[in-house]
Structures are given as structure tokens and as C-alpha cells.
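Go ahead and model the full structure; you've got the sequences and the hints to work with.
When you number the sequence shown by our numbering, it's gap-free, plus one each residue, and the end is 153.
Any given hint could turn out to be false.
Claimed, not checked - Once the Cα atoms are required to be at most 30 Å apart in a straight line, the calculated DSS-like pairs of lysine-lysine come out as:
hint: 1; residue 1: 41; residue 2: 113
hint: 2; residue 1: 148; residue 2: 6
hint: 3; residue 1: 31; residue 2: 15
hint: 4; residue 1: 127; residue 2: 15
hint: 5; residue 1: 127; residue 2: 148
Don't read these hints as lab results, they were simulated from the structure. Every value quoted in this text rests on a predicted model; they were computed, and no experiment measured them.
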Amino acid sequence: MEVTVKKMNRFLMFKLPSAYLCGVKLKELDKIKAVVSVRFKWINQNPFNSMYFAVQSMAAELTTGAIVIKKIRESGKNISMLVTNHNGRFSKKAVGLITFTCTDGNLIDEALKRTIATGEGQTITMKSIGINENGEEVSAYEFEWSVKLKSKK
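Written out as C-alpha cells, the structure reads:
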């Protein structure tokens, strides 16, 4: 089954309902890039009248994770994936429409090749940048993903 924007957003609704309820939506997905948007609203606010950091984290993580899911599915192999570390930096209040973009899809290819060839886990670090409607960066994230070929039992 092909991984598409529509299918990933349906996946959010059923498997990640907190992201779905907070308004996190995948807008674009290809082999290199993923774009996710989320609008500041009552359900995702913090006490400081801006978007709660965890909502930003969910949106940023989806940009990286959607690409990893797409590439794993395209490999045709049974590969597990897991976030093993993440870092976030916040530079401006997140209000209005925030758009997160990851363009690190090329990084996963080599890690998947290595785990398929060796059976050993591999890690990669992918970046996601959140910008507001004025084009200003509000947050920047790095997610470390571990991928590993699942053993046949």
C-alpha cells in the first residue's frame, strides 16, 4: 500500500488522536520532503497565549516520521522504527498557522540499505523547522530515528 498524505492523516485520526485533535495535519509528502501544519487554537494553547511545545513537537516529529514510514513501506521489508532522541529549540511564540518542514528524506536511504544488508540497527538524525505565517522561524527540532530489520521468527 502506498503511503499518501490522505492515508497518513487518516492514520493520525485513529492511531495518534491527540495530534489529530490538536490540529496537526500532513500537507505534503514525497521521498525527500514532508510538510505539516498546525494552527494555534484553544485546544493546543499553553498558559502564555501561544502553542504548547508538545503540539509543536508532534507536528515536527510527523514531518520526519512520515518520510521514514514512506521509505520503509517502499523497501518492502519488515523494518521497525523508533525515535531514540530529540531536541527542540524555540525562538519565537508560535501563534497563527505554523508550518513544519523536513527535507532530510535522502538521509534514510543509506540507513535502510545498511540495516537490510547487515540486520543491525542504524540511526539517523533528521531536522524539522517550524515557521509562522510571516516566514519567521518559531522552532527547530532534531529527531534521532533508529531503524532495524525485524528478525524472522
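These are the hints, each one checked on the structure:
As the CA atoms of residue 41 and residue 113 are separated by approximately 41 Å, the hinted pair breaks the 30 Å bound. With a C-alpha separation of about 27 Å, the suggested pairing of residue 148 with residue 6 holds against the 30 Å cut-off. Our distance criterion of 30 Å between C-alpha atoms is met by residue 31 and residue 15, whose separation comes to about 23 Å. Pair hint residue 127 plus residue 15 holds up; C-alpha atoms about 23 Å apart against a cutoff of 30 Å.
Proximity of residue 127 to residue 148 is assessed by CA-CA distance (about 20 Å); at most 30 Å being required, the pair is judged to hold.
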